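Trainee: In terms of our numbering, the sequence shown opens at residue 1 and continues consecutively.
If you're looking for bench data, these hints aren't it; they were derived computationally from the structure.
Small disclaimer: the values here were computed from a predicted structure and weren't measured.
The beta carbon of each residue, even a glycine, is placed where N, CA and C say it ideally should be.
One or more hints might be untrue.
The calculated label-pair distances, taken between Cβ atoms and stated as ranges, are [claimed, not checked]:
#1 L72 to H15: 17 to 27 Å
#2 N23 to R63: 14 to 24 Å
#3 E54 to S75: 36 to 46 Å
#4 M81 to L59: 47 to 57 Å
#5 T40 to Y64: 29 to 39 Å
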Amino acid sequence: MIKLQARASALLQEHSDVVLFANYRISVSKSDVGFNKKVTRALGSGARVMHTEERPAFLAKNRYGLPETLPLDWSEFLAAMPQSA
1 MIKLQARASA LLQEHSDVVL FANYRISVSK SDVGFNKKVT RALGSGARVM HTEERPAFLA
61 KNRYGLPETL PLDWSEFLAA MPQSA
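Assemble the whole structure, with the sequences as input and the hints as a guide.
Mentor: Next up, the structure:
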């Protein structure tokens, strides 16, 4: 949720063509530690990405058909945007 008054947040989301969420890229590692037990750990590389589609953990949207995730880099964002936009 965007930190605004509820109605202002809804208006901003409705009228925006792109709402992005930035976060670190996370991968999941599963390992067998014996005795029929598995351990799952989240691993981060420090690489930043921007998400363009909403998930249960965050709000994001786009009306341009952008990929689900992009590197957090302005040139990558511009390259992914349609030329007619």
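Trainee: If a hint holds in the structure, say so; if it does not, say that too.
Mentor: Okay, the hints, checked on the actual structure:
Evaluation of the 17 to 27 Å hint for L72 and H15 yields a pass: the beta carbon distance comes to about 24 Å. In this structure the hint that N23 and R63 lie 14 to 24 Å apart at CB holds, the actual value being about 21 Å. The given range of 36 to 46 Å is broken by E54 and S75, whose C-beta atoms sit roughly 25 Å from each other. At roughly 20 Å, the beta-carbon separation of M81 and L59 lies outside the given 47 to 57 Å, and the hint is violated.
Between T40 and Y64 the C-beta distance comes to about 34 Å, which sits within the given range of 29 to 39 Å.
Comparing the model with each numbered hint stated earlier shows that hints 3, 4 do not hold.
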